[in-house]
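Undergrad: Produce the complete structure using the sequences and hints provided.
So the chains spell out like this:
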Amino acid sequence: MTLHEEQKKVQKAMESTLSGLQEDPWLTQRILANTKGEEPVKKKLSVSALVIALMLIVSVVAFAATNWTGITEFLGGIVGGWNVNEEAIAAATIKEKTSKWINLTATEAYWAEDGLSVILKVDSADDSHVVCYQFEEGLTNEEGEMSDQIKIGEEMVSIEKWRAGKELIICEFAPVGEGWTWYKRSDEGLFVIITSGDPDAEALQKGTDLTFEVHCSNIQTGEKETSTVTVTLPAMTMQEGHK
Amino acid sequence: METVKGPDSLEETLERMVDLYQLPLLRLCYAYLHDEELAKDAVQETFIKAYRNLNRFDGHSSEKTWLNRIAINTCKDMCKSGWFRHMDRRITPDMLPETETRPEEKDESLTIAIMDLPIRLREVALLCWLQGFTYLEAAEALGISHQAVGSRLNRARRKLRFALEGSDDHDPA
Numbered sequence: 213m214t215l216h217e218e219q220k221k222v223q224k225a226m227e228s229t230l231s232g233l234q235e236d237p238w239l240t241q242r243i244l245a246n247t248k249g250e251e252p253v254k255k256k257l258s259v260s261a262l263v264i265a266l267m268l269i270v271s272v273v274a275f276a277a278t279n280w281t282g283i284t285e286f287l288g289g290i291v292g293g294w295n296v297n298e299e300a301i302a303a304a305t306i307k308e309k310t311s312k313w314i315n316l317t318a319t320e321a322y323w324a325e326d327g328l329s330v331i332l333k334v335d336s337a338d339d340s341h342v343v344c345y346q347f348e349e350g351l352t353n354e355e356g357e358m359s360d361q362i363k364i365g366e367e368m369v370s371i372e373k374w375r376a377g378k379e380l381i382i383c384e385f386a387p388v389g390e391g392w393t394w395y396k397r398s399d400e401g402l403f404v405i406i407t408s409g410d411p412d413a414e415a416l417q418k419g420t421d422l423t424f425e426v427h428c429s430n431i432q433t434g435e436k437e438t439s440t441v442t443v444t445l446p447a448m449t450m451q452e453g454h455k
Numbered sequence: 151m152e153t154v155k156g157p158d159s160l161e162e163t164l165e166r167m168v169d170l171y172q173l174p175l176l177r178l179c180y181a182y183l184h185d186e187e188l189a190k191d192a193v194q195e196t197f198i199k200a201y202r203n204l205n206r207f208d209g210h211s212s213e214k215t216w217l218n219r220i221a222i223n224t225c226k227d228m229c230k231s232g233w234f235r236h237m238d239r240r241i242t243p244d245m246l247p248e249t250e251t252r253p254e255e256k257d258e259s260l261t262i263a264i265m266d267l268p269i270r271l272r273e274v275a276l277l278c279w280l281q282g283f284t285y286l287e288a289a290e291a292l293g294i295s296h297q298a299v300g301s302r303l304n305r306a307r308r309k310l311r312f313a314l315e316g317s318d319d320h321d322p323a
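Chains R and H, in that order, give the protein sequences.
Counting in this note's numbering, the first sequence runs from 213 upward without gaps.
Counting in this note's numbering, the second sequence runs from 151 upward without gaps.
Don't read these hints as lab results, they were simulated from the structure.
Some hints could be false.
Under the rule of at most 20 Å between Cα atoms (straight-line distance), these lysine to aspartate or glutamate pairs were calculated in the DMTMM-like manner [stated by the list, open to error]:
#: 1; chain 1: R; residue 1: LYS224; chain 2: H; residue 2: GLU250
#: 2; chain 1: R; residue 1: LYS309; chain 2: R; residue 2: ASP236
#: 3; chain 1: R; residue 1: LYS220; chain 2: H; residue 2: GLU255
#: 4; chain 1: H; residue 1: LYS214; chain 2: R; residue 2: GLU235
#: 5; chain 1: R; residue 1: LYS309; chain 2: R; residue 2: GLU435
#: 6; chain 1: R; residue 1: LYS221; chain 2: H; residue 2: GLU162
#: 7; chain 1: R; residue 1: LYS373; chain 2: R; residue 2: ASP410
#: 8; chain 1: R; residue 1: LYS309; chain 2: R; residue 2: GLU320
#: 9; chain 1: R; residue 1: LYS224; chain 2: H; residue 2: ASP227
#: 10; chain 1: H; residue 1: LYS226; chain 2: H; residue 2: GLU258
#: 11; chain 1: H; residue 1: LYS199; chain 2: R; residue 2: GLU227
#: 12; chain 1: H; residue 1: LYS214; chain 2: R; residue 2: GLU227
#: 13; chain 1: R; residue 1: LYS436; chain 2: R; residue 2: GLU379
#: 14; chain 1: R; residue 1: LYS378; chain 2: R; residue 2: GLU400
#: 15; chain 1: R; residue 1: LYS221; chain 2: H; residue 2: GLU258
TA: Structure, rendered in structure tokens:
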């Protein structure tokens with residue numbers, strides 16, 4: 213197949229698949245207004261960005277309780293001006309988990325317009341393993357292949373040295389329905405924040421259990437494990453906005 | 151060679167560029183970033199940068215190459231942000247923009263396979279296949295040699311073969 217034929221095939225496929233992307237008829241005017249300083253061009257914050265921002269906000273509160281330092285620096289310039297109603301932060305607890313490889317501790321949960329966020333601390337269930345998440349900084353290179361380094365704190369260190377002969381377990385947490393998962397490694401360990409964008413409002417108001425899937429792989433042996441974790445949440449009230 | 155210089159005022163040039171390139175750049179940025187709103191932000195940022203530098207654009211490269219280079223660099227910068235790197239950016243069919251008529255399954259699969267290519271292969275594939283760039287134009291837009299473009303495109307083909315057919319013994323796209 214020639215380059216021209218490839219181009220035609222890909223262009224047809226992508227133009228058809230991405231035909232829902234809409235042009236902004238006012239883009240020229242907004243750019244001109246911005247460059248002339250008449251009014252700022254409004255940056256659109258996507259739903260995903262809002263969810264991430266919410267997760268970051270929640271993380272400030274949650275990690276403050278676990279002496280996680282550096283969060284202010286981490287958040288610097290990213291979500292400035294966002295607030296959380298601290299009184300609405302609920303205590304989550306683990307009801308059940310089926311993984312044999314990892315231990316989980318639920319810390320807190322927060323329900324806002326953008327979704328429900330639950331924070332879990334992740335530890336290896338036994339001393340012969342260390343746990344990472346799939347896109348941990350340094351763990352994979354730009355092409356998704358395993359790197360030989362991982363970022364711990366502010367330093368890149370050799371994975372071999374860091375795991376010290378232990379087997380490396382890489383885990384991914386799946387949100388319920390539409391949602392996002394965000395991970396953070398601090399000096400205290402690995403944390404995961406799972407946000408469900410479309411939670412069952414009626415159930416949350418009464419207090420409910422939520423079950424997430426966890427997919428883990430042992431890099432040294434190639435073994436895989438799919439497990440679930442069920443978190444119990446008290447009755448909660450959805451919080452409006454974040455500003 | 152096509153350039154942005156001409157009798158038009160800067161505003162008219164911007165308007166023409168937006169009319170001509172907004173949609174192709176939106177597709178490029180969406181395929182790069184996997185998020186419609188982020189892609190729109192990237193396109194807007196691309197045109198702002200272009201407008202601010204119109205007077206300095208020397209026509210050495212074509213207008214299309216120049217805008218795509220700005221767009222790719224803008225997307226790259228967005229990918230470097232702290233929270234972006236921690237997000238799971240793999241795309242699934244239900245995450246694609248809604249369309250009036252459902253695209254053919256093979257078109258959807260090919261689009262997703264391209265969007266899921268590693269970044270360095272994805273940007274070459276998007277420029278050469280989606281935007282219709284030659285190897286030389288893609289090399290200029292990405293600041294790499296045309297040999298590197300050819301090599302990355304070959305690797306992209308192999309990965310697509312594997313993703314779409316489970317082997318690398320057939321034509322990809």
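Undergrad: Checking each numbered hint in turn, tell me which of them this model violates, lowest number first.
TA: Going through the list in order, the structure violates hints 2, 6, 7, 9, 10, 11 and respects the others.
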